[in-house]
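Novice: Next come the chains, spelled out residue by residue.
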Amino acid sequence: MLVSRRNFMGKLGASALSLLVSPASAAEDTKKDVLVCVFQRGAMDGLNAVVPYAEGRYYDLRPTLGIAAPGSGDGSAIDLDGQFGLHPAMAPLKAQYDVGNMAIVHAAGATQVDHSHFSAQRLMELGLNSQGEAPGGWLARYLNSQSIAGGIFQAISVANSTQKSLSGYPEALAMASAADFKLTSRYAAETSVLLSGLSAQQNTLGGQMASTLTALDTFGSLGVEDLPVDNGANYANNSFARAMKQAAQYIKADIGTEIICVDTGGWDHHNNLASRLNGKLTELSEGLAAFVQDMGARMANVTVITMTEFGRRAKENSSNGTDHGRGSCMFAVGNNVNGGKVYTDWPGLAENQLRKGDLEITTDYRTVLGELVNKRMRGGPLDEIFPGYTMPAELGLFKA
Amino acid sequence: MVTRRSFLKASGGLGALALLQGCELDDKDDASTSAADPQQNDPPQNNPPSNDPSPTTPAPTDPPVSTSKIYDLPAQDAELHFLKRTSFGVSQADYDAIKQSGIDAYLDQQLNPASITDPAESAIGSLFSLLALSGAELYSRRKESGFQNDVKRELQNAAIYRACYGKRQLYEVMVEFWSNHFSIDAASGILRLFKVVDDRDVIRPNALGKFRDLLHASAKSPAMLEYLDNDDNRKGGPNENYARELMELHTLGVDGGYSHEDVLEVARCFTGWRYVRDEISFTFSANRHDDDEKTVLGQIIPAGGGITDGEKVLDILLAHPSTAKFIATKLVRRFVSDLPPQTLIDKVAQTFTDTDGDIKAMLRAIFSSTEFASAHDSKFARPMEFTCAAVRAVAPDPDKYYPGRSIYNMLRLMEQLPFEWSPPDGYPDVMTYWLNSMGLTRRWQHAVLFAESRDNGSSHAYELVNTAIKADELVDELTAAVLHRPLTAEDRAQLIAMVVGAGDPQRSLTEDELKASSEKIVGLLLSSPYCQVR
Numbered sequence: 242m243l244v245s246r247r248n249f250m251g252k253l254g255a256s257a258l259s260l261l262v263s264p265a266s267a268a269e270d271t272k273k274d275v276l277v278c279v280f281q282r283g284a285m286d287g288l289n290a291v292v293p294y295a296e297g298r299y300y301d302l303r304p305t306l307g308i309a310a311p312g313s314g315d316g317s318a319i320d321l322d323g324q325f326g327l328h329p330a331m332a333p334l335k336a337q338y339d340v341g342n343m344a345i346v347h348a349a350g351a352t353q354v355d356h357s358h359f360s361a362q363r364l365m366e367l368g369l370n371s372q373g374e375a376p377g378g379w380l381a382r383y384l385n386s387q388s389i390a391g392g393i394f395q396a397i398s399v400a401n402s403t404q405k406s407l408s409g410y411p412e413a414l415a416m417a418s419a420a421d422f423k424l425t426s427r428y429a430a431e432t433s434v435l436l437s438g439l440s441a442q443q444n445t446l447g448g449q450m451a452s453t454l455t456a457l458d459t460f461g462s463l464g465v466e467d468l469p470v471d472n473g474a475n476y477a478n479n480s481f482a483r484a485m486k487q488a489a490q491y492i493k494a495d496i497g498t499e500i501i502c503v504d505t506g507g508w509d510h511h512n513n514l515a516s517r518l519n520g521k522l523t524e525l526s527e528g529l530a531a532f533v534q535d536m537g538a539r540m541a542n543v544t545v546i547t548m549t550e551f552g553r554r555a556k557e558n559s560s561n562g563t564d565h566g567r568g569s570c571m572f573a574v575g576n577n578v579n580g581g582k583v584y585t586d587w588p589g590l591a592e593n594q595l596r597k598g599d600l601e602i603t604t605d606y607r608t609v610l611g612e613l614v615n616k617r618m619r620g621g622p623l624d625e626i627f628p629g630y631t632m633p634a635e636l637g638l639f640k641a
Numbered sequence: 092m093v094t095r096r097s098f099l100k101a102s103g104g105l106g107a108l109a110l111l112q113g114c115e116l117d118d119k120d121d122a123s124t125s126a127a128d129p130q131q132n133d134p135p136q137n138n139p140p141s142n143d144p145s146p147t148t149p150a151p152t153d154p155p156v157s158t159s160k161i162y163d164l165p166a167q168d169a170e171l172h173f174l175k176r177t178s179f180g181v182s183q184a185d186y187d188a189i190k191q192s193g194i195d196a197y198l199d200q201q202l203n204p205a206s207i208t209d210p211a212e213s214a215i216g217s218l219f220s221l222l223a224l225s226g227a228e229l230y231s232r233r234k235e236s237g238f239q240n241d242v243k244r245e246l247q248n249a250a251i252y253r254a255c256y257g258k259r260q261l262y263e264v265m266v267e268f269w270s271n272h273f274s275i276d277a278a279s280g281i282l283r284l285f286k287v288v289d290d291r292d293v294i295r296p297n298a299l300g301k302f303r304d305l306l307h308a309s310a311k312s313p314a315m316l317e318y319l320d321n322d323d324n325r326k327g328g329p330n331e332n333y334a335r336e337l338m339e340l341h342t343l344g345v346d347g348g349y350s351h352e353d354v355l356e357v358a359r360c361f362t363g364w365r366y367v368r369d370e371i372s373f374t375f376s377a378n379r380h381d382d383d384e385k386t387v388l389g390q391i392i393p394a395g396g397g398i399t400d401g402e403k404v405l406d407i408l409l410a411h412p413s414t415a416k417f418i419a420t421k422l423v424r425r426f427v428s429d430l431p432p433q434t435l436i437d438k439v440a441q442t443f444t445d446t447d448g449d450i451k452a453m454l455r456a457i458f459s460s461t462e463f464a465s466a467h468d469s470k471f472a473r474p475m476e477f478t479c480a481a482v483r484a485v486a487p488d489p490d491k492y493y494p495g496r497s498i499y500n501m502l503r504l505m506e507q508l509p510f511e512w513s514p515p516d517g518y519p520d521v522m523t524y525w526l527n528s529m530g531l532t533r534r535w536q537h538a539v540l541f542a543e544s545r546d547n548g549s550s551h552a553y554e555l556v557n558t559a560i561k562a563d564e565l566v567d568e569l570t571a572a573v574l575h576r577p578l579t580a581e582d583r584a585q586l587i588a589m590v591v592g593a594g595d596p597q598r599s600l601t602e603d604e605l606k607a608s609s610e611k612i613v614g615l616l617l618s619s620p621y622c623q624v625r
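Those sequence lines, one after another, are chains H and X. With this note's numbering applied, the first sequence covers 242 to 641. With this note's numbering applied, the second sequence covers 92 to 625.
Isolated chain H (complex conformation) (with noise of 0.2 Å):
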């Protein structure tokens, strides 16, 4: 038997165009924003990104490294509220803090997390607070629990892989570039029909190879890469700030595209953290407020989150860096966020405030991101996309 994609596509009772955007996306629907989830691999500093430069502590333990309270002249810390301060390299967002569409959560993390980064991202990424929980990513199971069919680009990986926090829901896209996601050889047309009679097995690789064919089918035409961009944005020359620039455009396409993973490595600093963290955190900031930018008026439909597998000891290591700790932040940037304001319940810095030396975490970030499902994605079984817990009281973080 011979299954070409087309007859395949045929079974599925639907073209490709019209499977481009679910119904529940052209309909209002100001409840749901894209969601573009950054995820700091290496365990970024919070206590350095967002100081504590109230607490005299915060100085006892990081002589060398202590981010100078904020007036102190070059290298000070940017004052939030008083009792925080933003590490200067994260100036270009404070404009976003200031006008409340920027919030930050502090001593934020996965309780159960053991100092390893490999375990401790994947918890994160599948939404739990200790190994075993559940199969799956936590966006995986959001999207499988929605009653409507999304779009082939509901899901896209901003990447060469797809995110662990994806996986469970094979129809999730990895698309690091928009210019190289065709194919363009002169047999490629005849090549990319046969080549779907070559791969119609219904298992992991055939599904993969379908969506796929189906995918490039419909993008090849879209032009996406052309999108400009706008509002006299200026995205700088490094890998966070080409995925963000390239998030954009799958945005600008409105190809129904709801969820975009982007991924951030360099974070783990254990040694020469004061010049390595102030590159991360420019490369972080700049490509975050150049997005926005870019995005302009869509912002009231776009949501950013970050995480990161965990936080830094409190006290500095005698490399110039920190090994690795418990609480971090999280940052959210978006129009619907209730910004302008640092959420925590500090835990302190005092040696019996410290967990073995860590910063404690005090907001489990299965909170934030609940809250996130709730208000400004779809909604959804909260106890099963992160099973297991139960959500404390929301923290106000967005805008209902």
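FYI, nobody ran anything at the bench for these hints, they're computed from the structure. Hints are supplied without guarantee of correctness; some may be wrong.
Pairwise CB distance ranges, derived in the manner of DEER restraints [what the hints assert, rightly or not]:
1) X:S376 <-> H:P633: 48 to 54 Å
2) H:S371 <-> X:G592: 55 to 61 Å
3) X:P210 <-> H:G473: 35 to 41 Å
4) X:S236 <-> H:E466: 50 to 56 Å
5) H:A332 <-> X:D383: 42 to 48 Å
6) X:S376 <-> H:S371: 37 to 43 Å
7) X:E352 <-> H:A332: 37 to 43 Å
8) X:D241 <-> H:A477: 26 to 32 Å
9) X:D241 <-> H:G316: 54 to 60 Å
On the chain H side, residues computed to face chain X include the following (Cβ under 8 Å) [to be verified]:
10) D339
11) V340
12) N444
13) M450
14) A456
15) S560
From the three backbone atoms N, C-alpha and C, an ideal C-beta is built for every residue, glycine too.
Go by the hints and put chain X onto chain H.
Specialist: For chain X alone, coordinates are given in the frame of chain H:
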């Protein structure tokens, strides 16, 4: 209410896709990949989904089927299966050789790489002369314009060249394996130079030796000391980075039974382990070493041990049963299945224990197992394996094709250049990481361009055409050359139909038709599931 699941089920195809891909396979976290872990239970790949795996339904508790094929392809012979797992791809020469000698003799030879005359090694010497420089020479030239990048590029291209054209394929597979087990990101900075010394003095001499020698050499490797910050680890100011990854990634595994306190104590044991920068060599600084008593995994390391503290730690870790299990799991995952069968893990771990971590003995245990023999088509080709296998099948003559440009660039785009994985856990070894729409698109783009690319006038694909005149002969000849196994009747019929169109299938093809058709056929074969599995 119409749930998404029922919508997909009603729609047929996509529903099955969604369900069959429902479970995640972890790509990095070795502790969670044992067969007993319910998260690792993927449904057998070719069976229809049995029920609706709603997100809260616990996965089945039966052990996963280790032999689950990624794709149901026609049978291949045991020699081909063996070659695909122990090489970077099957060349006609290797296939002919193993068919003649048999698997046992072939394996004996591959496990003694020095006995194999390899023209690729002499080519390496002239193509990549910077790799012969001593540590001191490398360091002294570090400020020459472009030098560090040139060195890095030579190191990467040497690995690619050996994978494509080396005769000691299993040895190179193990070099790649250990380079990722003791992963060092040499993409930038001084590690571009240091990694040359690590490759030459740590990984390559020990890749088929004893794990103990590898571990001890790696602990003293300037590249590792720099990459995981142990050079900064000193008395009174420990840096935990190496201590933690040594246990989590190099020996015990994340659930291997160590505590946070063990990390702190191991870090103390390795204080003072440093390198001499301008020689790129190991040194021990006694004045930076914390010489007080420590306790590691319940064992007391007495005060005053100096450099032997760290060496004792390595031997404590080597003797720990978690290390045998961890190394065995990774080897079985590499050579058998993404879902490594517990029976074989246990057997290989026992071999590790019995032979003091003899790598050849562990490989023999794997290759002689029934689990290995039945695991056809169950591993996904990663970018390095995919691109190099295409070279080995389609462009077998190194005098006509140099892989250091197009293969290098493809691996850069697919993000599997040798020695550039950023975190310390090495490139993932499972399909769930590598199989996705971007990766497939890049593969297909590469496959079609590679088939039609020309080095000396004739395309790679047309070079493979020997005696074929008719469409079926052409398809069969190219299938044998590229796959060494038959196509399904349906796949074969599709390719023949592509060649002749509506014309007479028995007519003789013109030379132009043979050229164009050969390129399309080879591009398709390389793009198809046949070349995504290994």
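Novice: Each hint: holds or not?
Specialist: Structure-based check of all given hints:
| no. | hint | in the structure |
| --- | --- | --- |
| 1 | X:S376 <-> H:P633: 48 to 54 Å | holds (50 Å) |
| 2 | H:S371 <-> X:G592: 55 to 61 Å | holds (60 Å) |
| 3 | X:P210 <-> H:G473: 35 to 41 Å | violated (58 Å) |
| 4 | X:S236 <-> H:E466: 50 to 56 Å | violated (34 Å) |
| 5 | H:A332 <-> X:D383: 42 to 48 Å | holds (45 Å) |
| 6 | X:S376 <-> H:S371: 37 to 43 Å | holds (41 Å) |
| 7 | X:E352 <-> H:A332: 37 to 43 Å | holds (40 Å) |
| 8 | X:D241 <-> H:A477: 26 to 32 Å | holds (27 Å) |
| 9 | X:D241 <-> H:G316: 54 to 60 Å | violated (37 Å) |
| 10 | D339 | violated (34 Å) |
| 11 | V340 | violated (35 Å) |
| 12 | N444 | holds (4 Å) |
| 13 | M450 | holds (6 Å) |
| 14 | A456 | holds (6 Å) |
| 15 | S560 | holds (3 Å) |
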